[in-house]
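Enquirer: Sequence:
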Amino acid sequence: MIATLLDSRSLSDLMAELSAAGLPASDLAEAGRRFFRFEDDVGLVGYGGIEGDGSDRLLRSLVVKADRRGCGLGGAILTAVERAAADEGATSLYLLTTTAEPFFRRHGYETAERTDVPAVIVQSAEFRSLCPASAALLYKWIA
Numbered sequence: 000m001i002a003t004l005l006d007s008r009s010l011s012d013l014m015a016e017l018s019a020a021g022l023p024a025s026d027l028a029e030a031g032r033r034f035f036r037f038e039d040d041v042g043l044v045g046y047g048g049i050e051g052d053g054s055d056r057l058l059r060s061l062v063v064k065a066d067r068r069g070c071g072l073g074g075a076i077l078t079a080v081e082r083a084a085a086d087e088g089a090t091s092l093y094l095l096t097t098t099a100e101p102f103f104r105r106h107g108y109e110t111a112e113r114t115d116v117p118a119v120i121v122q123s124a125e126f127r128s129l130c131p132a133s134a135a136l137l138y139k140w141i142a
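Numbers 0 to 142, taken from numbering that gives the first Met the number 0, label the letters of the sequence shown in order.
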């Protein structure tokens, strides 16, 4: 699978995929976010991103195209995003999800208590307003 880092001018396809999947997309162009487009020899697989620049990061916007789901490609994207975050110095990833908790649990993510989350994660737009309070909050040590 090939990963391509998106720049702010090439976020429209990602926004369309996120909207189609019912995921937040209003803050994609803000500073501190890096998104990747994933392709294989068949074509577009999906997208994944990271928010932040410290040891604690937020996993953002992991989405697999609807017609490519169920083949293990989401796990491959997740592994690639985790590797990119670790290569940048991250030691843990946090995420919020209303639909994919079982997927992330299968890949080693555990429940995080909202009161124990690092300030940098709590201050993110996703944590403060984009995801509902009912969203599962998960984390994983990646280092």
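No wet-lab data here; the hints were simulated from the structure.
Values in this document were obtained by computation on a predicted structure and should not be read as measured data.
Be careful, since some hints might not be right.
To be verified - Derived lysine to aspartate or glutamate pairs resembling EDC-like cross-links, with alpha carbons at most 20 Å apart: (1) Lys-64 x Glu-87; (2) Lys-139 x Glu-16; (3) Lys-64 x Glu-100; (4) Lys-139 x Glu-125; (5) Lys-139 x Glu-81; (6) Lys-64 x Asp-40; (7) Lys-64 x Glu-109; (8) Lys-139 x Glu-87; (9) Lys-139 x Asp-66; (10) Lys-64 x Glu-29; (11) Lys-139 x Asp-55.
Enquirer: All hints, please: hold or fail.
Expert: Structure-based check of each hint:
| no. | hint | verdict |
| --- | --- | --- |
| 1 | Lys-64 x Glu-87 | violated (26 Å) |
| 2 | Lys-139 x Glu-16 | violated (25 Å) |
| 3 | Lys-64 x Glu-100 | holds (18 Å) |
| 4 | Lys-139 x Glu-125 | holds (18 Å) |
| 5 | Lys-139 x Glu-81 | holds (9 Å) |
| 6 | Lys-64 x Asp-40 | holds (15 Å) |
| 7 | Lys-64 x Glu-109 | violated (25 Å) |
| 8 | Lys-139 x Glu-87 | holds (16 Å) |
| 9 | Lys-139 x Asp-66 | violated (28 Å) |
| 10 | Lys-64 x Glu-29 | violated (24 Å) |
| 11 | Lys-139 x Asp-55 | holds (10 Å) |
Checked against the numbered hints above, the structure violates hints 1, 2, 7, 9 and 10; every other hint is satisfied.
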